[in-house]
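Top to bottom, those sequences are chains A and B. Using the working numbering, the final residue of the first sequence is 109, and nothing's skipped along the way. Using the working numbering, the final residue of the second sequence is 113, and nothing's skipped along the way.
Honestly, the hints are just simulated from the structure, not real lab data. Some hints here could point you the wrong way.
With a straight-line Cα cutoff of 27 Å, these simulated DSS-like cross-link-like pairs (lysine-lysine) come out [stated by the list, open to error]:
1. A/K42 / B/K18
2. A/K42 / B/K71
3. B/K18 / A/K79
4. A/K45 / B/K57
5. B/K57 / B/K71
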Amino acid sequence: RKEVEQDPGPFNVPEGATVAFNCTYSNSASQSFFWYRQDCRKEPKLLMSVYSSGNEDGRFTAQLNRASQYISLLIRDSKLSDSATYLCVVNDYGQNFVFGPGTRLSVLP
Amino acid sequence: EAQVTQNPRYLITVTGKKLTVTCSQNMNHEYMSWYRQDPGLGLRQIYYSMNVEVTDKGDVPEGYKVSRKEKRNFPLILESPSPNQTSLYFCASRSVMNNQPQHFGDGTRLSIL
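Please model the entire structure based on the sequences and the hints provided.
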């Protein structure tokens with residue numbers, strides 16, 4: 001079983017849609033969680049950290065469910081510029097950062 | 001401007017010819033790491049370093065070396081490159097305080113013929 005799993009997509013959604021991505025992780029000792037976005041083979045860029053109580057940043061909401069070892073990212077009112085690959089990243093307080101394979105999103109006009 | 005700088009950005013070379021990809025960060029981060037990214041496999045960690053003179057293997061260290069003589073620099077060395085090391089490489093750094101995220105360089109696309 002892979003340590004971090006994501007639905008690879010692609011998710012094709014119209015502008016203005018709400019879209020949700022899921023991520024599951026296998027290491028119950030994992031302590032910190034992040035969502036990154038990556039554009040077309042460019043460097044990954046931090047989108048947001050994920051906190052236990054859930055957190056929101058504008059149109060983006062991240063949730064963490066430790067019991068189910070599950071992280072989610074919700075994007076509301078999708079923009080064309082949201083088209084990218086979204087990477088789920090998990091860290092266990094060691095220095096082992098594990099990246100999920102990414103979920104590709106295409107927002108269509 | 002806070003950044004992670006990799007060089008070169010692109011390199012085409014031949015099997016067996018030693019090469020070094022440099023990585024430098026100006027954020028005084030303790031932690032630095034190298035990843036490779038291949039289609040369908042995502043980002044995989046090659047080596048990481050917790051601080052000067054401290055390096056550890058990641059998930060795919062075979063065929064690579066690193067060194068951390070200074071805090072700001074973390075070069076990736078391919079002593080005898082082979083075609084299966086053709087990939088997109090990223091260097092990253094972070095502060096080890098309070099679960100800080102990693103910051104990535106722009107990437108280096110290596111082609112080994």
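So, going through the hints one by one against the coordinates:
A hinted pair counts as satisfied when its Cα atoms are at most 27 Å apart, and A/K42 with B/K18 qualifies at roughly 25 Å. Distance hint between A/K42 and B/K71 is fulfilled; the C-alpha atoms sit about 25 Å from each other, no more than 27 Å. Under the criterion of a C-alpha separation no larger than 27 Å, the hint pairing B/K18 with A/K79 is inconsistent with the structure, at around 45 Å. The suggested pairing of A/K45 with B/K57 holds, with an alpha-carbon distance near 24 Å, which does not exceed 27 Å.
Between B/K57 and B/K71 the alpha-carbon distance is near 18 Å, which keeps this suggested pair within the 27 Å criterion.
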